[in-house]
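Chemist: Sequence:
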Amino acid sequence: MTTPSAGPDPADPAPEGARMGVGALLRQWRERRRVSQLELALRADSSARHISFVETGRATPSRAMVLRLAEHLDVPVRDRNALLIAAGYAPAYPETPLHDPAMATVRAGLEQLLAAYEPNPALVLDGHYDVALTNRAVLVLLTGVPADLLRPPLNAMRLTLHPRGLAPRIVNLAE
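For the record, in the sequence shown the residue sitting at position 47 is 48 according to the numbering used here, with numbers rising by one throughout.
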């Protein structure tokens with residue numbers, strides 16, 4: 002993957018893929034998977050030239066091509082939607098929040114799993130490392146963490162690495 006950006010601009014409502022371009026995103030996924038343009042072209046029944054043109058923006062891939070390339074690069078579903086949006090297409094995969102009534106069975110299963118981990122702290126994170134669910138033992142783990150770090154959305158990365166969060170408790174943090 003290329004050098005990550007400083008992060009999304011909260012004032013920018015456009016998804017990351019729409020700002021970046023489908024070619025750059027596909028190139029990042031191809032490089033992350035350590036696949037050459039030729040290898041991807043052979044897998045996706047295309048040509049290395051077409052893959053090159055898509056990555057450089059000289060060609061616009063069809064919706065089917067975006068999905069086929071994403072499939073052969075083993076791109077996660079959420080990121081496939083980002084690729085589609087970047088190419089100018091509507092997302093293909095719905096994203097249902099965990100607290101939606103349609104997810105009641107999944108949520109109940111996760112809550113049962115979290116309860117089984119007690120007395121050890123356990124968390125369920127989303128794709129952005131935001132905490133979706135926890136068990137009761139997490140309260141003990143978070144004792145002494147300043148309230149401003151515990152405001153929603155509670156992000157596990159920020160909480161863990163922040164100097165006023167859990168970082169001082171990690172013996173080998175520098176490693």
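FYI, nobody ran anything at the bench for these hints, they're computed from the structure. Hints are not guaranteed to be accurate.
Label pairs and their computed distance ranges (CB to CB) [said to hold, decoys possible]:
no.	residue 1	residue 2	range
1	Arg34	Met104	22 to 32 angstroms
2	Pro122	Arg79	20 to 30 angstroms
3	Val107	Ala148	23 to 33 angstroms
4	Glu119	Ala168	22 to 32 angstroms
Cβ atoms here follow ideal geometry from the backbone N, Cα and C, with glycine treated the same way.
Chemist: Each hint should be assessed against the structure and marked as holding or not.
Modeler: We went through each hint and held it up to the structure:
1. Arg34 to Met104: 22 to 32 angstroms: For Met104 against Arg34, whose Cβ atoms are near 30 angstroms apart, the range 22 to 32 angstroms holds.
2. Pro122 to Arg79: 20 to 30 angstroms: holds, 26 angstroms
3. Val107 to Ala148: 23 to 33 angstroms: holds, 30 angstroms
4. Glu119 to Ala168: 22 to 32 angstroms: holds, 25 angstroms
In summary, this structure violates none of the numbered hints.
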